[in-house]
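One point on numbering: in the working numbering, the residue at position 75 of the first sequence is 105, and numbering is uninterrupted.
Note that these hints are calculated values from the structure, not bench results. The structure presented is a predicted model; accordingly, all values stated were derived computationally and were not measured. Where a beta carbon is used, it is the ideal one built from N, C-alpha and C, also for glycine. Check each hint, because a few of them may be wrong.
Ranges of calculated distance between the beta carbons of each label pair, as one might list FRET restraints [to be verified]:
#1 A114 with L46: 33 to 39 Å
#2 Y136 with R48: 26 to 32 Å
#3 E138 with K113: 18 to 24 Å
#4 K91 with A114: 30 to 36 Å
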Amino acid sequence: MVIQSVCMKEQSYRKLERVTKRSRFRTIYQQGVWSSSRHFTTVICSNTQGVKRLGITVTKKTGNAVKRNRIKRLIREFFRLNKALFPAGYNDVVIMAKKTVPPLTYQEACRELAELLTRKVNR
RNA sequence: GGAGAGGGUCAGAUGAUCGCCGGCGGAAUUUAUCCGCCGGAGGAAAGUCCGGGCUCCACAGGGCAGGAUGGUCGCUAACGGCGACCGGAGGCAACUUCAGGGAAAGUGCCACAGAAAAUAUACCGCCCGGGGCUUUAAGCCUCGAGGUAAGGGUGAAAAGGCGAGGUAAGAGCUCACCGCUUUUCCGGUGACGGAAAAGGCAGGGUAAACCCCAUCCGGAGCAAGACCAAAUAGGAGAACGUUUAAGGGCUGCCCGCCUGAUGUUCUCGGGUAGAGUCGCUAGAGGCGCAAGGCAACUUACGUCCCAGAUGAAUGAUCAUCACCACGCCCCGGGUAACCGGGACGCGGGACAGAACCCGGCUUAUGAUCCUCUCUCCUG
RNA sequence: UGGGGCGUCGUCAAGCGGUAAGACACAAGAUUUUGGUUCUUGCAUCCGGAGGUUCGAAUCCUCCCGCCCCAG
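Could you build all of it, start to finish, from the sequences and the hints given here?
Structure representation (structure tokens):
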């Protein structure tokens, strides 16, 4: 209950809200619920940390560092601005980009991710 | 105008909203918060191809093996880099390019073809001599541990080239010119260049084949390495006693060096854990200017502080203005193709992301400017 | 990020200066009523790419491209 004393800005995305440990990624992959769309795959798993957290995985096969950074930034931006779309409660979400992902604009990525997440929530 | 050659510069700008990382200051419930200010990717950050700093491994040691480089002189912390020059090759030229030492230390290889691929074992041919046949000259056949490298054919390459003399036929056998080798002189720090004389043709190619010569190189790498609260075990250090050589480390091997094993006592407490800490950014630093030098570069002075992330920040969206391409319209010139200017619409903006830090090389890539060469047209 | 290795036919691969073996697969033909089996023949001309050394490079050298492995 330490976390409740901290008041943060709504649209931020900082280290607290990231999945940063390799071991945590492993347990999410083992215990989480997988679903995928055309270019992305999400894995959702509940946590005990008291915050929504996001982890991003982009394979080296996707492209060079510039392309990978671009995709990661788009996903981060989507998380930052659309936290309400993510499942309620304290969850860890890992978004993986598939290796065939084309150079997307923000609107395209946003539409696809929103569809993927709302489909999950409704089910 | 066309075709080229060399070099330089930049890497869209501004604003708004929402965010990220670091530093400083302040506030709070003094440590995952908030507010303010400042800073926040590149010319290649890339490939990891070289060289260094730095850290640890003895104090960085000796030999062998192994690796790298290879015209000369210089620059540099160092280099396989850079600059200037020399020589070869390419280009009409600007200019480019070359792992550019040694084949007379030795060994190997040169497939196929060809007589022969390096000690010329002469296939055809040419010439000479002996014998035989036809027999006028001459021709044909055969023999010769005879001569001959001029000609033919083979090959990537055939034993200096070419011309003349000479000869039985030929041959550097002799001569002229060219090439080569040696010697001497001159110029240059040197690579080398020039001149003269002599020799009389030796010495096929390949060293990115082994090798020889000269010079250089110890190994690993910031995931190096160092440190940290509390609790206990494994442990670590020091002293003393016993024992004296197996094993381990330093380099692939040898030498050499370091370290022992066990018992008692005393002292100290950390690994593979962690939103851990340091290393972590002031440096062979940037910019300006002056002097020296053909230049690479060096020196002096002034000035500036300019990213430090760690599942890894430096972004997203919108608007405006510049830039470029295309379409269409208008204006001017022109018979026309087209050229110049303007407005509108639509599209584009390359290659690419620091990971300890520097010096290079290589590769990817958008725009723009300057200088030079050749050629065409007009005057 | 650092360190190491490999690219030869559709696949597995040998060859390491002198015509690029072999197996499976594929294609055509023969045998068979048909299929299978068996037999015969064919199938690399750009040895990942570019440049160089050499008379001659899959092979030697240099630079790129792609793939794989190891280290927290």
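Tested hints:
1. The beta-carbon spacing between A114 and L46, approximately 18 Å, falls outside the hinted interval of 33 to 39 Å.
2. Separated by about 20 Å at the C-beta atoms, Y136 and R48 break the suggested range of 26 to 32 Å.
3. A C-beta distance of roughly 20 Å is found between E138 and K113, which places it inside the suggested range of 18 to 24 Å.
4. Hint check: K91 to A114, Cβ distance near 33 Å, so the stated range 30 to 36 Å holds.
The structure fails hints 1 and 2 (numbered hints given earlier, in ascending order).
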